[in-house]
Amino acid sequence: MTPDRARELLGTVAGVTLSGAGTPVVAQVEPAQWLDAARFAKDTLGCAFFSFLTAIDWKEQGLEIVAWVDNLDARVSVELRTKLGPGVTSCASLTPVYRGANWMEREGFDMFGVRFEGHPDLRRILLADDWEGHPLLKSYAVDTPHPPYR
Amino acid sequence: MPDVRALDYAGSERLTMNMGPQHPSAHGVFRAILTLEGETVVGVDAVIGYLHRCHEKLAETLAYVQYPTIASKTDYVAAMSSELAYVMAAERIGSFEVPKRAQYLRVLMGELQRIASHCLWLGTWCMDMGGALGGGATIFLYCIRERELVLDLFESLVGARLLYGFHQVGGVRYDLPEGWTAECRKTVALIEQRLGEYEGMLEDNPFFMMRTKGVGVISTALAQDVGISGPLLRGSGVEWDLRRSQPYSSYEDFAFTVPVETGGDCYARYKVRMVEFRQSIRIIRQILDGLPAGPISSRPGVKSLAQVKVPKGEAYARVEGPRGEVGCFLVSDGSNKPYRMKWRGASFSNLAVLPHILPGCSVADVVAIMGSVDPVFGEVDR
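So the sequence lines, in the order shown, correspond to chains A and B.
Everything in the first sequence is counted per my numbering, starting at 1 for the first residue and increasing by one.
Everything in the second sequence is counted per my numbering, starting at 1 for the first residue and increasing by one.
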């Protein structure tokens, strides 16, 4: 497996748009194909190593989810991205494919309020259970008061 | 290890036990809610977040010249590697050059940091396993003694012993003071000699072998699936070291071996780290022998907050810290602050493997396994 071969194979998957060259292989995925693309990366591209999953808040354009996986033998990195769209907070969970997505998605829920559908245990991970709001959203001011301190 | 889900526990009494957040073996503030059947763990709920300081939100409010000193507070016992991940991400987006001398100094500090961090790991881990090693705190005190020597080196370089602020975008902030090199050579020679003494103390001790061999086995597939990295991944038979597989900061210039063990247990992780000690010393000697002359930064010293502007773009930079892959995913909108910054803490993913391997272990093994994972909670909770 080489980055070029990975790019070629990913190009055959429905709902995947590729950009850039070299490594990492950056694949923009339709939200509906999110889980399938991850499964393809693991099974066909050999990307068994789950590095991280996170989100970016693009304000009025909505949230984007980013996941990074590696094929450690061939040293190929794949960056999967999906734009959820304005106002959408629901996304398919990658936990059926990667067990490492469990905690990462809990953090995504905690910080961005993304509801990962199919996650076995979606609750806050870093903040307290009774925290209000999702701090890494751009609409959440840094100095949001939380009386009394908690 | 029996598959606990297959066992029939009907009629027996289950006990829920909180291990932490103030447990001495919690290495900070980790709370494991264990469900026990006698001495056997049958369920784990890992609770983290006690040390959360919203690093990622904070980074959005701080300029590129300000954050590196804060970055050292994520993994505070390996501050050099987290600072490096942050500045490397900014340098990658902006295509900033880093002079050769600065690259070598970064590697030098990274390897000294690995030695200091591994000293702390070995000491605390052996203290966790306590009395079985003949006196509990013995190894701990020996290791801390050696770690102090490395911290002395850092102190004479930057003036701080724990959180350095050594890196800046484009290079490093301090050059080696006079006499530092000789002192460094003396320190690593001493540590190299003492490593053999530790190994003798531990490996000739049947209790140590009983408590680590075959305990807490992580399979290769589970290791990759969860995304554990560093000595844990290499202890599970995967040859993956970012210094070798995706060289950064001129690591390709140095000769070193990447230790791999196939056992996947606590003992394998111990073996990997003991080899890493020596390989770090090997790299340090190569740098001290061949440190190129020249500037230590491609950019002037920091005078204003707006001094570093990074063009619009994104990058993920990762370094091989003492605990594994420390990554910084940076999104820049072209201003002097990041639009979004994500820390990929090695300890976060390493710790996430615990719920998969603890069921079936005894309570005493939980302590040994926790210590072998070597989590630092500043990096887990960020």
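Quick caveat, the hints were computed from the structure, so don't treat them as lab data.
Note that beta-carbon positions come from the ideal geometry of N, C-alpha and C, so glycine has one too.
Treat the hints with caution; some may be incorrect.
Now the in silico label distances, taken between C-beta atoms and shown as ranges [what the hints assert, rightly or not]:
id, chain 1, residue 1, chain 2, residue 2, range
1, B, Arg14, A, Gly85, 52 to 62 angstroms
2, A, Gly22, B, Asp253, 20 to 30 angstroms
3, B, Ala182, A, Gln28, 25 to 35 angstroms
4, A, Thr144, B, Leu305, 18 to 28 angstroms
5, A, Asp4, B, Lys309, 25 to 35 angstroms
6, B, Ser250, A, Trp131, 55 to 65 angstroms
Do the hints match the structure? See the list:
{"no.": "1", "hint": "Arg14(B) / Gly85(A): 52 to 62 angstroms", "verdict": "45 angstroms, violated"}
{"no.": "2", "hint": "Gly22(A) / Asp253(B): 20 to 30 angstroms", "verdict": "22 angstroms, holds"}
{"no.": "3", "hint": "Ala182(B) / Gln28(A): 25 to 35 angstroms", "verdict": "54 angstroms, violated"}
{"no.": "4", "hint": "Thr144(A) / Leu305(B): 18 to 28 angstroms", "verdict": "24 angstroms, holds"}
{"no.": "5", "hint": "Asp4(A) / Lys309(B): 25 to 35 angstroms", "verdict": "34 angstroms, holds"}
{"no.": "6", "hint": "Ser250(B) / Trp131(A): 55 to 65 angstroms", "verdict": "44 angstroms, violated"}
Figure legend: structure checked against the earlier numbered hints; hints not met, in rising order: 1, 3 and 6.
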